[in-house]
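Engineer: Here's the letter readout for the chains.
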Amino acid sequence: MAQLPFIAAIDAGIHQEMRRDPNVLYFGQNLATTENHEFVAEYGHDRVRVTPISETAEIGIAIGAAMAGLRPVVELYMAEFMLVAMDQVVNEAPRFRYMTGGQVKVPLVLKAGFGFAAGWAGQHTGSLTALFMGVPGLKVVVPSTAADAKGLMATAIRDDNPVVFMHHYLLTLEHGEVPDGEHLVPFGVAAVRRTGSDVTIVATGWMVNRALGAAATLAAEGIEVEVIDPRTVAPLDLDTILTSVAKTGRLVVVDQAPRHATVGGIIAADVAEFGFSSLKAPILQVNARDVTVPYSEPLEAYVIPDEARIVDAVRRVMQSGG
Amino acid sequence: MAQLPFIAAIDAGIHQEMRRDPNVLYFGQNLATTENHEFVAEYGHDRVRVTPISETAEIGIAIGAAMAGLRPVVELYMAEFMLVAMDQVVNEAPRFRYMTGGQVKVPLVLKAGFGFAAGWAGQHTGSLTALFMGVPGLKVVVPSTAADAKGLMATAIRDDNPVVFMHHYLLTLEHGEVPDGEHLVPFGVAAVRRTGSDVTIVATGWMVNRALGAAATLAAEGIEVEVIDPRTVAPLDLDTILTSVAKTGRLVVVDQAPRHATVGGIIAADVAEFGFSSLKAPILQVNARDVTVPYSEPLEAYVIPDEARIVDAVRRVMQSGG
Amino acid sequence: MSLQSPSSEQQIEMLTQMLRIREFEERVKRTFTEYPGVIRGHTHLADGAEASIVGALSHFKKGDAALATYRCHGYPLALGTDPKAMMAEILGRADGICKGLGGSMHLTDVANGFLGTSGIVGAGIPHAAGAAWAAQIRKKGEVVFCFFGDGASKQGAFHETLNIASLWKLPVIFVMENNGYNVVTTSEQEDANAAAGQPLAIKATSYVMPGVTVDGTDPLAVAEVVGHAVARARAGEGPSLIESKVYRLSAHGNIIAPPGVPLHYPEHEAITVFGKREEYEAALRGDPVPRFRGKLVQSGILSGAAADALNAQVAAEMDVAVKFAVASPFPALESALDNVYA
Amino acid sequence: MSLQSPSSEQQIEMLTQMLRIREFEERVKRTFTEYPGVIRGHTHLADGAEASIVGALSHFKKGDAALATYRCHGYPLALGTDPKAMMAEILGRADGICKGLGGSMHLTDVANGFLGTSGIVGAGIPHAAGAAWAAQIRKKGEVVFCFFGDGASKQGAFHETLNIASLWKLPVIFVMENNGYNVVTTSEQEDANAAAGQPLAIKATSYVMPGVTVDGTDPLAVAEVVGHAVARARAGEGPSLIESKVYRLSAHGNIIAPPGVPLHYPEHEAITVFGKREEYEAALRGDPVPRFRGKLVQSGILSGAAADALNAQVAAEMDVAVKFAVASPFPALESALDNVYA
Ligand SMILES: Cc1ncc(C[n+]2csc(CCOP(=O)(O)OP(=O)(O)O)c2C)c(N)n1
Ligand SMILES: Cc1ncc(C[n+]2csc(CCOP(=O)(O)OP(=O)(O)O)c2C)c(N)n1
Ligand SMILES: [Mg+2]
Ligand SMILES: [Mg+2]
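Protein chains in written order, with the numbering used here: chain R, 1 to 322; chain Z, 1 to 322; chain P, 1 to 342; chain H, 1 to 342.
Keep in mind that the hints were calculated from the coordinates and are not lab data. Please read all numbers here as calculations on a predicted model, not as lab measurements. Any given hint could be a false lead.
Claimed, not checked - These stretches of chain H come out as covered by chain P in the derived footprint (C-beta under 8 Å, 3 or more residues):
no.: 1; segment: 21-35
no.: 2; segment: 154-168
no.: 3; segment: 307-321
Said to hold, decoys possible - Below, computed lysine to aspartate or glutamate pairings styled on EDC-like, alpha-carbon distance capped at 16 Å:
no.: 4; chain 1: H; residue 1: Lys295; chain 2: H; residue 2: Asp308
no.: 5; chain 1: H; residue 1: Lys140; chain 2: Z; residue 2: Asp46
no.: 6; chain 1: P; residue 1: Lys139; chain 2: R; residue 2: Asp46
no.: 7; chain 1: H; residue 1: Lys276; chain 2: H; residue 2: Glu188
no.: 8; chain 1: H; residue 1: Lys276; chain 2: R; residue 2: Glu35
no.: 9; chain 1: Z; residue 1: Lys105; chain 2: H; residue 2: Asp338
Glycine included, each C-beta is placed from N, C-alpha and C at the ideal position.
Excised from the complex, chain R in its bound form:
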């Protein structure tokens, strides 16, 4: 175990797989521009390349390389930059295996940061995970700890399908314990970050920490919150969530996106169908307010869900129902 920043843990996952498999490529903008770049030095320019600002071509090239037998990892920095290439992400990469009747595999990883609520204003701060979550053929990963960042990245690279790896930008410099040596975290297995019997919270990314903070506050009031981090939202480990709700009878979903663009809402709808009989109270959502993210610090803080709003939702859900 080593203490590593989240961002280094992601790199460790990429290294682990690049060392193991010569078919893994790593490329994107503003990396590998000198010979002493860490990845260039170790793997060479056949496998590590800088690209122009051309996301459509970058992701499209990854698709073609994947169909031809390679395993590309594309560095995209910010999830928004995928929007200029959204066709490649949702209407090309995940379609080919199906449309060809299984003749091709498209193993690739799109590494993208999101949710950078640190003064990056309206166009760089989005929480876009829900856009990808429902696309058949695509897998979507949202690590919230450094250890998972490494292990989920490695699993993503080994997966034979296109994977969107969404890492929260405000977590990148947070440190955490990361297993040395080969580390893989399976897809479709949620992590229960805190156990509790009164209310279930489901959250991803940065919101996991806020949910845990809220849970600590609430514990002092005698409210025991169970915090579930799905880790991958496609595939989604609904069983773990339903098991928890069966125990608590109450669900709060926390999501950094505006209300109608959340992973949390999608999960709430699943529970409203498959876990309905467990529910003692409405499923509350804590989301960003329905605006573009503002620049000014107090306004940004007002818009993004904070611990106080999570605490409040849990208190409200405790008051309602039987």
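Once you have looked at the hints, place chains Z, P and H with the ligands on chain R.
Structural biologist: Relative to chain R, chains Z, P and H with the ligands alone:
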């Protein structure tokens, strides 16, 4: 009142506004290529133009023209083609008013067909409405009747914000009564297409007809279904849905998209929060199966929600709960 | 760089492939009336582009790859795909090359090097470059053929990909089939170069690669130009852009009709939209298939009788393909749930 | 087409605007240390591009419009925006030109013709073309200035827009500020033309419009080249592409740090990444601001004393701007909910 095909009703809405307001533009691919084109002949090339296959530029140009005082309507044919320009749709058009502190307006309409389950296979058949529904600053319209097609298009053109106008491709040749003369349908007002006391169904686009078909079948069994067509999903008329659920206690949402990419799921989550106390049973979803749309006719029919699956869901929801 | 010109045998092979593509497309088209309703959605034919396809792919070697668009029936035929499996796919049957999941727009045959097609204009261009990166890494001199239309060169994907392919010296040959139309829009209406009377190959200037315009109705001319590009790519010298001028002899695609209304092929848009019947008829007079046949017969490479025999052989082959496809069963419903994930 | 060269008065005005931009940017930069934490996110400076900005906008008339990118502090200053409101915006205050909602990357001042900026590379290029369409319809000879970086010319949006602008003869002047870098990538590493030692203006060939490369550190040279393009556009003859070669004198942007860690400006990437200190120092020696001042003094257009007075005046103006911004209150929290819809 005239009997018009849905597609002609949309055109009637565009004509209504183009005649009224010289600032309205209409452009896109493969239209206006001859001088006797209906719109060219009436409004001239200042306002009606053919574009190359360049969606990013087309929509971006619409944004710039809108900021400079015009009201562009962009013909995009199929919703998927917006994916190559998704940044313009979700991260440019709806952001500018906010980011500039209200200095600009961006009134434009993106007209796009969707859901063409008629053998168009994997890349042309998507039901992408949910991708747009949650973006603050954007409005999203989904007409299901010819009359609404005209009236919502006209309202979309008069609206001072960017509007995604999603018309279902399988409805385009269906005929319906369309009011002559000026016709406007307000945004944010759902239509109750059939009243009933036992179960509420919410559906959009083509699925409204299937829901009505299912309701007719169920009526013969003595199950009275209320069918609600939101007409605009942003803004969403949640009140009408909650009022209905308060009466019926049971909700089935029907959506042509795969489960985790639906408008229906988003609505279900809202009801699970704000209408929970009315619910006597789980909120069931009837969606496309979780695959890319297949080409072969029987497989496509198997994947898309049909009346039988809607009927089945309603029967199930009637059996469960109190 | 001098290139060997095709032997008589190779030229006969070229004609054979051209005839096969033409006959296949004719049979697809006839199917709309012979078996109404069996073909669904949108089907786009390669008639008129046979010489270009066959001339370009005459340089295809095992290990190479080709990618194209929704207008994709010609390439796999030239690469050796079984027309029975292709026709069955177009009819959505269990024996289809893509198990009925892809249909006419997405014919794919990886075993024969036809790696995939995109129905989104321009979207497949970077896929070809990606496959070329894989070839470059394998270092066996393999190349990738990337086919697309003139209209596709107005998509950002074209621009972004050609720049990268040039920078990385990827072994890819960009073959733009310029048929003068994007559906009902002429090149002059949508392309600044075309509007100025310039060849579209001039766009290569921005990407510092050879840009050549060739008569795509002459398979030998195409073979020569593409041959140079292929040699260049195999030698590690990078990509080329070839503008191959063709004329599509059918409408853009079958008509788009609501379910229930039988689909069919209308006349070419030059006639239906622009009223330029003479343009279309001139193209018909220059039809590359009979022209190449005539050339081979005239030059003595092929006797008239041998040519007739070829025609008959190809007609028989495609007749079998149609009958096979019509008789093939539909896939099992649950098979729609397979092949989502690998 | 012959253009009148700027009068002495106009040249002094140009120098004044260049000094104002430089001083503003210096004050923004100093703010990171003088008032740590008041500027958030990512701020991109225009230092080094002053001559290009001022030379280009010297042709701006009322009714014209300009659009740019996240590197947007220079243009509104030159167009008459109050630096107090700009600085307040960069500090996220209630008196900010965008009410604190936009920040450094999205300074906008519609009243003065600065219509908007996009933080997404290349995305603003079609917006400018759209505004130019509006100008074309108004038929008053108004034009649109579209500013973007060299890196942006690798986005599909660039390609698609220039083609349409040319076809439609839109009155837009595409000014590419080529500073040789996209963050830490050099043009040679990402652009096929640059890699071949060619000017980026050559890309205009694909769009059949004039493509001119100009020394962007000389405001008079820029004014001349842009003047021709503006005249062309006002006359209805269509767009032009101007490659204006500049060197940014600061790093791409302030460092990206986690919340809590104070942001600041590192050295230019030529030094920190490529170890090419001499390249940077040569650029410093050619710094356009002192050079133009020297030129005006030397040619007698401005006395040394008058130039010093200008410096002092500008320093005082920007000092007031900083103090105003720091003293401006934060917006009311609920104001975050306004301006979503019109
Ligand atoms: C991004 C995108 N926009 C629009 C379409 C609709 N469309 C399908 S084919 C086509 C014409 C393409 O023309 P061209 O590239 O010249 O190819 P051709 O059909 O002439 O072979 C268009 C506009 C699409 N499939 N994808
Ligand atoms: C589509 C997109 N991809 C990536 C980025 C990240 N990014 C921001 S600025 C920049 C460099 C742009 O370089 P250039 O166009 O030369 O402008 P400069 O910053 O040099 O003025 C990049 C890559 C972005 N904002 N948008
Ligand atoms: Mg064409
Ligand atoms: Mg630059």
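Engineer: If a hint holds in the structure, say so; if it doesn't, say that too.
Structural biologist: Structure-based check of all given hints:
no., hint, result
1, 21-35, "violated (count 0)"
2, 154-168, "holds (count 11)"
3, 307-321, "violated (count 0)"
4, H/Lys295 to H/Asp308, "holds, 14 Å"
5, H/Lys140 to Z/Asp46, "holds, 14 Å"
6, P/Lys139 to R/Asp46, "holds, 10 Å"
7, H/Lys276 to H/Glu188, "holds, 15 Å"
8, H/Lys276 to R/Glu35, "holds, 14 Å"
9, Z/Lys105 to H/Asp338, "holds, 13 Å"
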